[in-house]
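Visitor: These are the residues of each chain, in order.
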Amino acid sequence: GNSVTQMEGPVTLSEEAFLTINCTYTATGYPSLFWYVQYPGEGLQLLLKATKADDKGSNKGFEATYRKETTSFHLEKGSVQVSDSAVYFCALSRGGGGADGLTFGKGTHLIIQP
Amino acid sequence: GAGVSQSPRYKVAKRGQDVALRCDPISGHVSLFWYQQALGQGPEFLTYFQNEAQLDKSGLPSDRFFAERPEGSVSTLKIQRTQQEDSAVYLCASSQQFGGGNTEAFFGQGTRLTVV
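Protein sequence lines correspond, in order, to chains E and H. With our numbering, letter number 30 in the first sequence gets 19, and the count goes up by one each step, no holes. Just remember that our numbering sits 11 ahead of the position in the second sequence, which is counted from 1.
No lab work stands behind these hints, which were simulated from the structure alone. Since the structure is predicted, the reported quantities are computational estimates derived from the model, not experimental observations. Check the hints yourself; a few may be wrong.
[What the hints assert, rightly or not] As a list, the in silico DMTMM-like pairs of lysine to aspartate or glutamate whose alpha-carbon atoms are at most 20 Å apart:
id, chain 1, residue 1, chain 2, residue 2
1, H, K22, E, E31
2, H, K68, E, D89
3, E, K95, H, E96
For reference, chain E alone in the conformation it holds in the complex:
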């Protein structure tokens, strides 16, 4: 079945540092890929998505590119801020056709220090 592996946290960085959170996946077919973010005390929010190979999703300065050849969807940001501190989840669509749910990674806790 589908699965997602993402780097373990916590990841601690200084403000304005470059961020990479690795995500690789195993899937049959051609899933869509997502990054969700959970800020303290809030629900999961969609950060960005990509629906086919070589697509780049971007939002709030974050980017991730759907790499079919390496089955990866790494999250990057050039200059992080304290407000980016949160838990980040990589996810992929469970199956083809229909909004039939997501398979999530375990999450990466990101801590940005001023």
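Starting from the known structure of chain E, fit chain H onto it as the hints suggest.
Guide: Only chain H this time, still in chain E's reference frame:
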């Protein structure tokens, strides 16, 4: 409403007790999902509704878990004879239409269930 609303936010149940968790999706959203998130883990899919039809319940861990959405809006996840391993955060999500991975799912804040 403005977002997906779940109640209660916190629930403590004695082992063997039945519980019911409620989800109010965003008005007009066709699809509704339930997930279970154990401490330190990512959410795991439980079940999925399209309107009132439960199209996939393959993630429900046992026959003690039951979900319904009788009128295609509010949904209830019921857990019978709760066990300690049921302790988790239960997340509800809704999306505007079915459409595969192109449809964004909006999540509620979850219900934290603790079985003692």
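Visitor: Please work out if K68 (chain H) and D89 (chain E) have their alpha carbons no farther apart than 20 Å.
Guide: holds (10 Å)
Visitor: Tell me if the straight-line CA distance from K95 (chain E) to E96 (chain H) falls inside 20 Å.
Guide: holds (18 Å)
Visitor: Would the pair K22 (chain H) and E31 (chain E) pass a check requiring their Cα atoms to be no farther apart than 20 Å?
Guide: Judged against 20 Å, a Cα distance of about 18 Å means the pair holds.
Against the hints set out earlier in the document, no violation occurs for any number.
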